[in-house]
Amino acid sequence: MTCSRLFDRRTRTLLVIIGCLLFFFVVFLGAWLYGRQGEVTNLTLRKISPGWGQPFGTDWLGRDMFARTLQGLRLSLGIGLLAATCSAIIALILGLAAATLGKTVDVVITWLADAGMATPHLVLLILISFACGGGAKGIIIAVAASHWPALTRVIRAEVMQLRTSDYVRLSRRLGKKPVWIARHHLLPHVVPQFLVGLLLLFPHAILHAAGLTFLGFGMSPHIPEIGTLLSESMRYLSSGMWWLAVAPGLTLVVSVMAFDLLGNNVRALLDPKTMRE
Amino acid sequence: MLDIRDLSVSFTSYSFGLKRMEVCVVRGLDLSIAPGQIMAVIGQSGAGKSLLAHALLGILPRNARVEGQMSFKGKPLTPYRLSALRGREIALIPQSVTALNPLLRVGGQVTRAALLSGISKKEAPATVRQAFVRYLLPKGVAAWFPRQLSGGMARRVLTATATVGMADLIIADEPTNGLDPITARESLGHLRELADTGKAVLLITHDIEAALQVADMVTVFHAGATVEVARAEDFKEPGNLRHPYTKALWNALPANNFVGTMKPIARASNADGCPLQFCCNDQDSVCGQSVPMLKRSGAGWVRCHHA
Amino acid sequence: MNNQSTHQGIAGFLLLKMLRLLLLVAAVATLSFVLVSSSPVDPVDAYVGAAMLKVSPEQHEIIAHHWGLDKPPAERFFSWARQIASGDFGVSTIFNEPVLSVICKRFVTSFWLMALAWSISGAIGFGLGMSAGAWEDTLLDRAIRLYAYTMASTPIFWVGMLMLMTFSVSLGWTPVCCAWPLGLSAEQATFWQRLHHLLLPAITLSLTGIAQITLHTREKTIAALRSDYAVFAHAQGETTAGIVFRRALRNVALPAVTLQFASLGELFGGAVLAEQVFAYPGLGRTTVEAGIRGDIPLLLGIVLFSTIFVFTGNFMADLIYQLVDPRIQKTAGGASP
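Residue numbers (our numbering), protein chains in the order written: chain A, 2 to 278; chain B, 16 to 322; chain C, 10 to 346.
Just so you know, these hints were derived from the structure itself, not from any lab.
Possibly wrong hints are sitting among the right ones.
Lysine to any residue pairs mimicking SDA-like chemistry, simulated, CA-CA at most 20 angstroms apart [unchecked claim]:
1. 138/A with 149/C
2. 26/C with 115/A
3. 136/B with 255/C
4. 48/A with 61/A
Partial list, computed: chain C residues near chain A (C-beta under 10 angstroms) [what the hints assert, rightly or not]:
5. 128
6. 129
7. 162
Note that the structure is predicted; figures quoted are calculated from it, not measured.
For glycine and all other residues, C-beta sits at the position ideal for the given N, C-alpha and C.
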């Protein structure tokens, strides 16, 4: 609240965006520099609770949980980002196709999107991951293949609306080529929508990917992804090693929130109507 | 009854990239009404008329800022006092049927208004029944949803809702908007009746013809400011009108051959001087220098350097 | 009012919905069969699991033949589709029991978990959302929003683990696993024992479920406060709280109930994760087992079942609108001028 008096809204929004980006930069840099430490087993330093030397403690093999968390976070975010980007690109292509390539294509794509949203996300994820034979590849494909329907609808609706708007009609009357119209009238409106949609897909993708690995689909236990770390820590819950679950989970929550914050602030910046006084 | 001096209303909003903007919609508005009188406030669409009504009731959105002095029955109208007077002594007849909740039955909504105006739970049903009778609403209408009302009926329900509590000042926001001439006349007739029982009625409209049928006084409103206050009968003879804008309005009436005597105007500009300087035919160097003050002129008031 | 045409409207509505459901199930069945058949996971290997090395190629062949895996995919699809159409979902390979009976048994266990979580999150989320919307930008609103945004970003299984650590391991208030005490069967357990086992998973599931309904209700409340009827109510001297809780209640509750019904898919997904954490033997845990151990008939059965489940939720939402909203009723009844 003091913050709101210190800066105006625009500055505050920009600061939040920069802060989020900085956070991700630090995570990736940290994982790159320090992550390898997580693979070192040190049996003299087993089951140490968090302290100065090991901020997140160590596990039953004496591996540093901080390094493992960083590594896992990088993997989780990486998988989420990759999958969400693929999904958003699918959504962009299908959305544009549905809106511009005629009635038949539109019906087919709308129907596909409906079918894609008809099954619970997680069940669909399990099904696709099973179909791909698991592994990181399976997770990325599953998340990418299941998250496009919502954004496809948004883009389709946006383009549909633009196509019937007066200035696009006028351009068509004036004999402008479809490519010219697409570049000058459609893209400037669709690109911000796409960007915001992509950013807001990240949190979902990251959470779903982590959920899938937690359930045991995909990653092998040798590659510590956050979901895997948490799944492993389940076995040590009753032995009181709470730190195995708390710290990695918390970092995941913070990262996902940061992405959410990033998406919402970029949206506010591009489309102030969504923000109210 | 009501006295307003130099009222201004402005809004804060954000544009692309979250740049902060302050938009002033009403500036320098003066108005006063006596009991038993209908004061018509006339202005074109987008001149901030509805905002005036909302400002008087203190129900503007939170990003609005109101400045100026208002007094009601001789005492200053503070936000605190307003919250006690709303619905009890000052009532609003809103513009359209969307002011009724589409999901609740008409009767319940009128009863709620009666209760809020201070009528006891015991008396409320009888009072509401009387209000329905007064405005020729069949009994069954109470069980209807707003969607089922016809245009004229909706109007009467809104009037009944506003007047069920015996408020002394009634603000009617565009009471003839979208109505056929017969229904419009009926709606205005109700306002006249209310004034004749000693209430003060503020009639806000863009329809001069309709307003002149029932009003006692007319305030002409342009670019968020009062430009002239005149008696309704002054409009019978254009020579009695004082302000070039009012004269232009008069000339544009159907009965007076729709003559456009003023150039099409740009919206309120931020330039110094009279807001009308760029479209007024009587414009000279004085007009560009300062905003004219509202000054007494016969039975009315006028804001023009040349009147 | 014109009751007959209203009835006709409802009947047509139901028929249309049934048709949609059939089409949808057909589409989902086709897509999921294609997906499952393209899996590199060999169902026989997945079935025998660790005993893989002990199974000879001949035995492998026999199992494959027994399941009809040696036939071409198209033929398998049509025979499977025919079976499904006649109500036979096949036999689960891991439970050695008809798929339908596995799903039914497990769903009943899940149902209580989901129903409890759904009601808790609906009621609390609605209340929080309305309060946040009514007192927009106050400390209360900020706190509620912070909670909702945090929960929206929190994996439910992690919340479950924290709950488990706190209430089951440290405090020992709730059991660590299962839907009833170990060693008893579902029928032997008392109501209180089952509720005791149900409590923690249900709370976990509702904690995260609250987020969406809260934020949605908050938006609707704020929109209602800006509507024409709210402005008029305000002009009549109604307070903000009066507008929200007296006048706009119906306008906000209707979309909230709709959303709550329409979010059964997320509820199901949440139940999968929550059941995994609490080792709760419901349909969610069965889904995971079917996926990991390659039980294709069961997996396909669950996919179809969950599709119908989600559809039912959406259908209920539409039906409620059809029945409650006077705006729809009147146009169907033809009473409006």
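Structure-based check of each hint:
1. 138/A with 149/C: violated (44 angstroms)
2. 26/C with 115/A: holds (14 angstroms)
3. 136/B with 255/C: Satisfied, since the Cα-Cα distance of roughly 16 angstroms is no more than 20 angstroms.
4. 48/A with 61/A: Satisfied, since the Cα-Cα distance of roughly 5 angstroms is no more than 20 angstroms.
5. 128: violated (19 angstroms)
6. 129: Violated, about 20 angstroms.
7. 162: holds (4 angstroms)
Violated hints, in rising order: 1, 5, 6; the structure is consistent with all others.
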